[in-house]
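Visitor: These protein sequence lines map, in sequence, to chains A and B. Take the first sequence: its position 19, counted from the start at 1, is 19 in our numbering, and no numbers get skipped. Take the second sequence: its position 181, counted from the start at 1, is 181 in our numbering, and no numbers get skipped.
Worth flagging that the hints you see were computed from the coordinates, not collected in a lab. Predicted, not measured: the structure shown is a model, and the values here were computed from it. Be aware that one or more of the hints could be misleading.
BS3-like, lysine-lysine: derived pairs with alpha carbons at most 25 Å apart [stated by the list, open to error]:
hint, chain 1, residue 1, chain 2, residue 2
1, B, Lys-117, A, Lys-50
2, B, Lys-212, B, Lys-235
3, B, Lys-117, B, Lys-133
4, B, Lys-117, B, Lys-82
5, B, Lys-47, A, Lys-103
6, A, Lys-50, A, Lys-40
Facing chain A, a subset of chain B residues (Cβ under 8 Å, in silico) [said to hold, decoys possible]:
hint, residue
7, Thr-45
8, Val-46
9, Lys-47
10, Gln-48
11, Leu-49
12, Ser-50
13, Gly-93
14, Thr-94
15, Gly-95
16, Arg-96
17, Ile-97
18, Arg-134
19, Asn-148
20, Thr-151
21, Phe-154
22, Val-155
Built from N, CA and C at the ideal position, the CB exists for glycine as well.
Chain by chain, the residues run as shown.
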Amino acid sequence: MDTSNPAVFVNGGLMRMYVGRRIRTVIQVIQSDGGGVTGKSTDGHQLVVKGPQPGFPLTTFVEVIGIADTDRSIRAEIWNNFGNTFDTQSYNQLCQLANGEFKHLFI
Amino acid sequence: MYSGEFDGAAAFSGGGFMPSQATTVPDPSSSFSKNRNVRTLLPMTVKQLSELSSNDESSASIDGADVNTITVVGIVCDMQDKEPQFIFLIDDGTGRIECSRWAHEQMEFNEVNQISKGMYVRVYGHLKAFQDKRSLNAYSLRPIIDFNEITSHFVECIYVQLYNTRLRYSFDEGKSIDQMVLNFLRRPEFLANNNGVHRNVISQQLNLPMDKLMEALESLNENSLVYSIDEFHYKSAVNA
Chain A
1 MDTSNPAVFV
11 NGGLMRMYVG
21 RRIRTVIQVI
31 QSDGGGVTGK
41 STDGHQLVVK
51 GPQPGFPLTT
61 FVEVIGIADT
71 DRSIRAEIWN
81 NFGNTFDTQS
91 YNQLCQLANG
101 EFKHLFI
Chain B
1 MYSGEFDGAA
11 AFSGGGFMPS
21 QATTVPDPSS
31 SFSKNRNVRT
41 LLPMTVKQLS
51 ELSSNDESSA
61 SIDGADVNTI
71 TVVGIVCDMQ
81 DKEPQFIFLI
91 DDGTGRIECS
101 RWAHEQMEFN
111 EVNQISKGMY
121 VRVYGHLKAF
131 QDKRSLNAYS
141 LRPIIDFNEI
151 TSHFVECIYV
161 QLYNTRLRYS
171 FDEGKSIDQM
181 VLNFLRRPEF
191 LANNNGVHRN
201 VISQQLNLPM
211 DKLMEALESL
221 NENSLVYSID
231 EFHYKSAVNA
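Pulled out of the complex, with its shape left as it was, chain A reads as follows (with noise of 0.2 Å):
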């Protein structure tokens, strides 16, 4: 078992306590070109994501997994997609859960 490299559970406003640190996070994709991805957080924040993009179409969420670079950017390892359909309020309060009192569960 190996629980080196976590990756934390954010959304846009807890990115600033894990600034060069590995996070994970799901986005609303709002818009994607050259520059890279930019999407909504599930706490309403516009985050950009950088990184080689994956070789498949990226549905409305996508979950990224990566080092955040700012407290608004990332630099994704991994883009997983999440379908078209997804609960937000319930990711962003386990985001909150997994940084407050529980987050001896995770990291």
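Following the hints, position chain B against chain A.
Guide: Chain B only, in chain A's frame:
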């Protein structure tokens, strides 16, 4: 592989992940070893698994609950085909764990063939330990199709931990533990036994730390609701 190992009725009775006390009847003649009639199915993160108290999987426990069957959700980051054993390295974001799936029948091969690298999967299995290394003996691996299941899994991990550490003992902690111990000692099989019940058995069956149990027993003793037969055995003073 499927029959005999996973008792679905026992694991899911009680309406949730936690075995209901009403469904288990302890065998008074059993020794202090783990009561294998109680099967648990616990959703866990790999981080939690890495911190389990014991390296011997037959007696592992977390927050007072026995660890039998567990379920994890994560991404398949590596796969090895060593037929009939298939080894999957699952990364759930909190850590990575190796899951072995043995396939002998067509149905099992079909299940394994559905899994590919990079995919999110739900795994059910038993924890096993070999020397220092912990891994899962998976008896079910399936792709995740609704990604809300990922959120749901981690929320369940949080809930189960909260339940086992706090909600199990209600807010009025002192009162409910006393009542719980009294109810336990009033079970027919214990009322009938003149030798009383050893406090270790009570502690283990109710998943109570010894200090809390002793507080309850002393309080019940003072109120003449239970009495001690010797230093370690207790009996209800009242016939239910």
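Visitor: Confirm or reject each hint.
Guide: Cross-check of the supplied hints:
{"no.": "1", "hint": "B:Lys-117 / A:Lys-50", "result": "holds (23 Å)"}
{"no.": "2", "hint": "B:Lys-212 / B:Lys-235", "result": "holds (17 Å)"}
{"no.": "3", "hint": "B:Lys-117 / B:Lys-133", "result": "holds (23 Å)"}
{"no.": "4", "hint": "B:Lys-117 / B:Lys-82", "result": "holds (16 Å)"}
{"no.": "5", "hint": "B:Lys-47 / A:Lys-103", "result": "holds (10 Å)"}
{"no.": "6", "hint": "A:Lys-50 / A:Lys-40", "result": "holds (14 Å)"}
{"no.": "7", "hint": "Thr-45", "result": "holds (5 Å)"}
{"no.": "8", "hint": "Val-46", "result": "holds (6 Å)"}
{"no.": "9", "hint": "Lys-47", "result": "holds (5 Å)"}
{"no.": "10", "hint": "Gln-48", "result": "holds (6 Å)"}
{"no.": "11", "hint": "Leu-49", "result": "holds (6 Å)"}
{"no.": "12", "hint": "Ser-50", "result": "holds (5 Å)"}
{"no.": "13", "hint": "Gly-93", "result": "holds (5 Å)"}
{"no.": "14", "hint": "Thr-94", "result": "holds (5 Å)"}
{"no.": "15", "hint": "Gly-95", "result": "holds (3 Å)"}
{"no.": "16", "hint": "Arg-96", "result": "holds (5 Å)"}
{"no.": "17", "hint": "Ile-97", "result": "holds (5 Å)"}
{"no.": "18", "hint": "Arg-134", "result": "holds (5 Å)"}
{"no.": "19", "hint": "Asn-148", "result": "holds (5 Å)"}
{"no.": "20", "hint": "Thr-151", "result": "holds (5 Å)"}
{"no.": "21", "hint": "Phe-154", "result": "holds (6 Å)"}
{"no.": "22", "hint": "Val-155", "result": "holds (6 Å)"}
Checked against the numbered hints given earlier, the structure satisfies every one of them.
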